[in-house]
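Undergrad: What follows is each chain in one-letter form.
Protein chains: 2
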Amino acid sequence: MTSSVAIIGGTGQLGAAIARRLVKAGRTVIIGSRDVAKATATAAALGAELGRTVDSATNLDAAARGELVIVTVPFANQEATLREIAPQVRGKIVVDTTVPLVPPKVMRVQLPPEGSAALRAQQALGEGVRVVSAFHNVAAHKLATDEAVACDVLVFGDEKAAREEVLQVVEDCGLRGLHAGALANSAAAEALTSVLIFINKHYAADGAGLQITGAAPSAH
Amino acid sequence: MTSSVAIIGGTGQLGAAIARRLVKAGRTVIIGSRDVAKATATAAALGAELGRTVDSATNLDAAARGELVIVTVPFANQEATLREIAPQVRGKIVVDTTVPLVPPKVMRVQLPPEGSAALRAQQALGEGVRVVSAFHNVAAHKLATDEAVACDVLVFGDEKAAREEVLQVVEDCGLRGLHAGALANSAAAEALTSVLIFINKHYAADGAGLQITGAAPSAH
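These protein sequences, in sequence, are chains A and B. Residues 1467 to 1686 in the working numbering are what the first sequence lists, from first letter to last. Residues 1467 to 1686 in the working numbering are what the second sequence lists, from first letter to last.
Given that identical chains are not distinguished, each listed pair holds provided it fits within a single copy or across any two copies.
With a straight-line cut-off of 25 Å between C-alpha atoms, the simulated SDA-like cross-links for lysine to any residue are:
hint : residue 1 : residue 2
1    : Lys1667   : Glu1630
2    : Lys1504   : Leu1516
3    : Lys1608   : Gly1513
4    : Lys1571   : Ala1627
5    : Lys1667   : Ala1627
6    : Lys1571   : Gly1581
7    : Lys1667   : Asn1603
No lab work stands behind these hints: they were computed from the structure. Source: prediction; values computed, not measured.
So here's chain A without its partners, still in its complex pose (with noise of 0.2 Å):
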């Protein structure tokens, strides 16, 4: 059995679409926002769509009910969110999906201090929860389709297990995932984000991927 899984920052366009497809996979899910209005009418409007019923809660609470957790909020309310939720989510796999995009400059680089938005978040969650990263290179506005979305999603975190069961989850999402190594290396994922954005504007694409060549990620 699947777990359940609380989407944080659930009402904006990476969470709703991640909600979305995991929903159309058979997984349950909670949609949490600050405004529980808000998360009621997302989760109201996805169950009609996909004739199921979907769960909606503060963020707070959204993150008490479900087994896994994903945060989906921007970077500039990253860590006050991890800080609330952090008593929640003792034990439990965290998946941070935070790009550290810093406007205007979206398109530059810049890693925070502590070398990437996944280090922040294990410092605000505190070491006894299981944070993986992942879903920072895919396009929301794709991801929020029925299509095949070409970009593999790098998957991040010091525990092998905990990155296994995400991956599961990017596959519910019907995304390749991959493991990419220690949360450290999520920088690597963080900073393309960047890059892809500048690769949109240069050749007027509209939602620039990345896909890894020669690796069989069927081996996981």
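Guided by the hints, dock chain B onto chain A, whose structure is given.
TA: Relative to chain A, chain B alone:
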């Protein structure tokens, strides 16, 4: 007419592979090494294989003679090498290929305090040098063959015209290059190399690479 290319550290695996592909494409190449006898031996072997004359010199002389200079030395030698050749490359394009791998943990992203090896290169060379970075992710042992390599080359630099010239070098190597933004963005590709080394180990792969999807690089 294309520029002559000096390859600093041209007897190493990556440098020799780039040299071989550029000579095959008809470029004038000067193989540089700290040890001129090694440079001469590499150039002679390459020339014999390809039926061409390939030049050789000390790193210092190669840097003075090349119109475009590619630096392919290990991270540990990068700063000293660049400081040595700095007076020879004022006003020239210098392509830094350095990946900040810190043995023994080469599968772990460990970016330098400057943010990237490319920014460190700019500091070591000074502001009068047109620094571009590229070739971080391509497996040297694949580039050393005549086979197609399934890996894009992300090209970073603060000056678009300089990136354009390097894109031509990349294409002469038979690879697809993409404008990838400012020199600071080089951190993304540099970090990704540790991820690729991890993926090679985890999936028992031999030279994983990356491809950018959804962009139309013919538009540069």
